[in-house]
Structure formats: C-alpha cells, structure tokens
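Student: My request is simple: use the sequences and hints to build the entire structure.
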Amino acid sequence: MEAEASPYLSEGLLFKILARLPVKALLRLRTVCRSWKSIIASPEFRSLHLSTNRHSSKILLTARDYADQEWYILLDNDQHRPADPSWLGLLDFPFGCLDWTSPHIVGSINGLICVLVSQTGVPEEQPVISIMLWNPTIRRHACLPDLTLTKPNDTSIEFGYDPTTDNYKIVVLASGINVPEFHVFSLNSNAWRRGNFLVHQCPERGISFISTHAFVGGKMHWLLCKHFERGPYNSYSLYSFDVAEEVFEEVALPIEDPAMIAIPRPRVAVLGDSLFVGLASNSWTVWVQIATGGWNKLFRVEEPHGSLPTMFVCVLKNGELVMDKWQHCGFCSFLSAYDPWTRQFKELELEDLPFSHMRDFGDVESLNDHQESLVLLDCTPVGIDPAHATCCSMSCQVQIKRKTPSGEIC
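The UniProt record's numbering numbers the first residue of the sequence shown as 1 and each following residue consecutively.
The hints are simulated quantities; they were obtained by calculation from the structure and are not laboratory data.
From a predicted model like this one, the values you see are computed outputs, not experimental measurements.
You can trust all of the hints, since none of them are fake.
In silico lysine to aspartate or glutamate, DMTMM-like type, Cα no more than 25 Å apart, as pairs: (1) 346 - 76; (2) 24 - 378; (3) 297 - 339; (4) 325 - 339; (5) 226 - 154; (6) 325 - 70; (7) 37 - 11.
Tutor: Following this line, the structure appears as structure tokens:
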C-alpha cells in the first residue's frame with residue numbers, strides 16, 4: 001500500500017523556493033504565517049538568498065555636479081543584454097529626519113550600503129566620523145558608534161565583509177602624517193578599535209591613501225599616492241587590506257612603460273570576483289587581476305581622432321566598458337558604453353536624472369556591485385513595536401546586538 005503524499009512542503013524545499021523570490025515579495029510573504037516569518041528572518045535563509053541571487057546585481061555609480069553635490073546612479077548589469085539608457089536610475093536617501101549636510105556612500109556589500117554622515121560637507125575634514133549601515137530594499141538602517149580622530153587630515157574609508165565570521169567591517173585610514181593610523185569597526189562587536197601597521201606594512205611618509213571603493217576576494221583596496229615623485233606629477237601604487245586577517249599588503253600595478261605618468265590617476269573597479277584596473281597614458285588600458293596576483297591585459301580603449309577624452313568607470317557583464325567622456329575640467333560630461341570588439345562608443349542618456357538637463361556633472365566612479373538583500377531584517381527596530389515594524393516611505397533605525405566570538409548574541 002503506497003503512502004499518501006504529504007500536502008506540506010519540507011522546510012528544505014521551502015527554503016529553496018523562497019530563496020528565488022525578490023526581496024519585496026519576501027517581505028509580503030512574512031505575513032502568511034509565523035513559520036514563514038521566522039524562516040525569512042533567519043540568518044541561514046538570508047545567506048541562502050544572497051548566494052542564490054548573487055548574479056542579479058546592479059552597479060552603484062557616483063557623480064558630482066558643478067556645485068560639488070554628489071549623486072548616486074544605479075546601473076542594471078544584466079549579462080544577457082547590452083547597456084541600455086533605461087537602466088539608469090537615481091538612488092534616493094529617505095533620511096529626512098537626520099541633521100546632516102549631505103550623505104556620502106562609502107561602498108555597498110551584500111545589499112548593505114555604508115553611508116558616511118558628512119557634517120562639514122567635506123568628509124576628509126571632520127574629526128568625528130559618523131557612519132550608518134543602510135539596506136534601501138527593506139528600508140532599515142543602523143547608526144554606528146562615532147569615531148573621534150586625533151589627526152583627521154587625509155582621511156579615507158573602506159567597507160568590507162568577512163564571510164568566515166559573517167562580519168561587516170569598516171576601516172578609517174588617516175594619512176598625510178608621519179605614520180599613517182587606521183581604525184577598524186566590527187559589526188559583530190559593534191565597536192571601534194585602533195590598528196597598528198607592522199614595520200614591513202607601513203608605507204613611506206609623505207603619502208596619502210585614496211579610497212577605491214573596490215572590495216573583492218575578502219580584501220579592501222586603496223590607491224597610495226606619492227606626491228610629486230616625478231617632478232610636478234604624482235605616482236600611484238595599490239594597497240590591499242585583508243578583512244579577516246586585518247593586514248595590509250602592497251599590490252604591484254601593471255605598468256607597460258615604467259616612465260608612464262599616471263595622469264589621470266588609475267581607476268579601480270570590481271565585477272563579480274574580479275579586480276580591474278584602468279591605466280591611462282595616451283589611451284586607457286584595462287587589466288584584470290589573475291589568481292597568482294599578476295595582471296592580464298584585456299582591452300585598450302582607442303578613441304577616434306579628435307574625440308573628447310574619456311575616463312574608465314567599470315566593466316559590465318557583457319564585456320562592454322562604461323566610460324565617462326568629459327570636457328571643461330571634468331564637467332559637461334556624459335556616460336558611454338564602449339564595445340571593445342567593434343571599438344564603438346554608445347552614449348547612455350541620463351534624461352530622467354535631475355542634473356541631466358545641464359549635463360554639468362563629472363568625476364563618475366564605480367562604488368561596487370549592489371544587490372537586493374535581507375541584511376538587517378533580523379535586527380530590532382528602535383522605538384517601534386516589532387510586531388508593527390513596517391517601514392514605508394522613511395527608513396527605520398534598527399538596533400545592532402553584539403555577538404560573542406562563538407557567534408552568540410548578547
């Protein structure tokens with residue numbers, strides 16, 4: 001006699017089905033029953049949903065207008081279609097209740113965006129660093145403890161993640177002084193602590209670190225600028241920071257001509273698990289880092305004679321390059337998709353963006369991939385009944401609970 005089939009799904013099968021759904025659908029499905037709500041908020045399901053949808057991402061870009069106002073653009077990155085103007089959209093900040101001059105995005109990892117709260121309008125000049133972590137998809141954010149710097153000149157910030165401990169970290173690096181200093185924030189401990197350069201890790205004096213917003217392979221990356229090393233020009237090298245081991249290491253940049261002057265400065269970008277570097281002399285050359293730490297040359301961007309100069313921004317999944325074509329000292333700019341096989345540029349219109357009518361923007365850079373996620377969903381909202389914690393037009397603040405080294409929450 002055959003056993004009657006059960007009308008219920010096993011928890012494992014339910015996990016796999018739900019993991020394929022978009023985040024907004026999952027938020028609605030939490031109201032179906034308590035067990036579904038518990039599953040969707042669990043760390044195990046959050047990790048499964050992230051890994052299942054790893055390739056459904058967008059690229060977060062930053063641009064500045066003529067008034068030095070920062071704008072953030074989301075560019076869809078579907079490997080099955082070419083770049084299209086309709087894929088560009090603006091990222092809004094729903095923080096109307098916060099008293100700040102302007103937000104500054106540090107980076108995006110696993111759908112979680114690290115935002116510097118700029119009180120001076122110039123993040124590098126403020127002695128007190130205020131940062132929040134924000135998930136725009138589920139409209140939740142967490143305010144982190146402030147960091148007070150003793151020497152706040154030439155400050156740069158990077159955002160990273162350690163998958164072995166499920167821990168997000170932020171590194172604030174202050175250079176331009178005799179010995180650079182850095183501070184590390186750990187989300188698991190919800191606290192800052194000062195780090196120390198080892199002797200062999202400490203770079204030369206008279207340098208400054210420049211954030212690249214490039215996190216890949218468990219490592220953050222900075223450009224290290226040696227001021228006026230070649231006459232009136234600067235020279236650059238690349239430094240990485242291993243988030244798990246918390247150590248710095250110099251990474252050799254690919255250079256075809258040792259006498260090449262890096263003007264403009266190198267551009268660093270990430271696609272998937274790969275690190276890309278764009279170097280400019282008479283044209284842009286794009287390189288990808290290989291497993292051994294060396295570099296392979298991918299493309300050389302050949303510009304038609306008499307065309308406007310370009311800046312490398314990032315690489316798309318379909319192999320096209322996003323380039324920032326500019327004039328007038330970096331403004332009056334427009335984005336282009338460059339096909340390295342046909343060597344053709346295709347302009348990406350920004351008609352729906354608020355600064356597009358004057359086209360007075362420039363200095364476009366990539367801030368890493370951004371994907372929808374459930375990170376922070378299991379955190380308790382501040383000042384809101386958890387049973388009615390639905391964030392609509394505004395983003396609600398949540399409380400971060402400290403984890404012990406064994407992973408327990410306290």
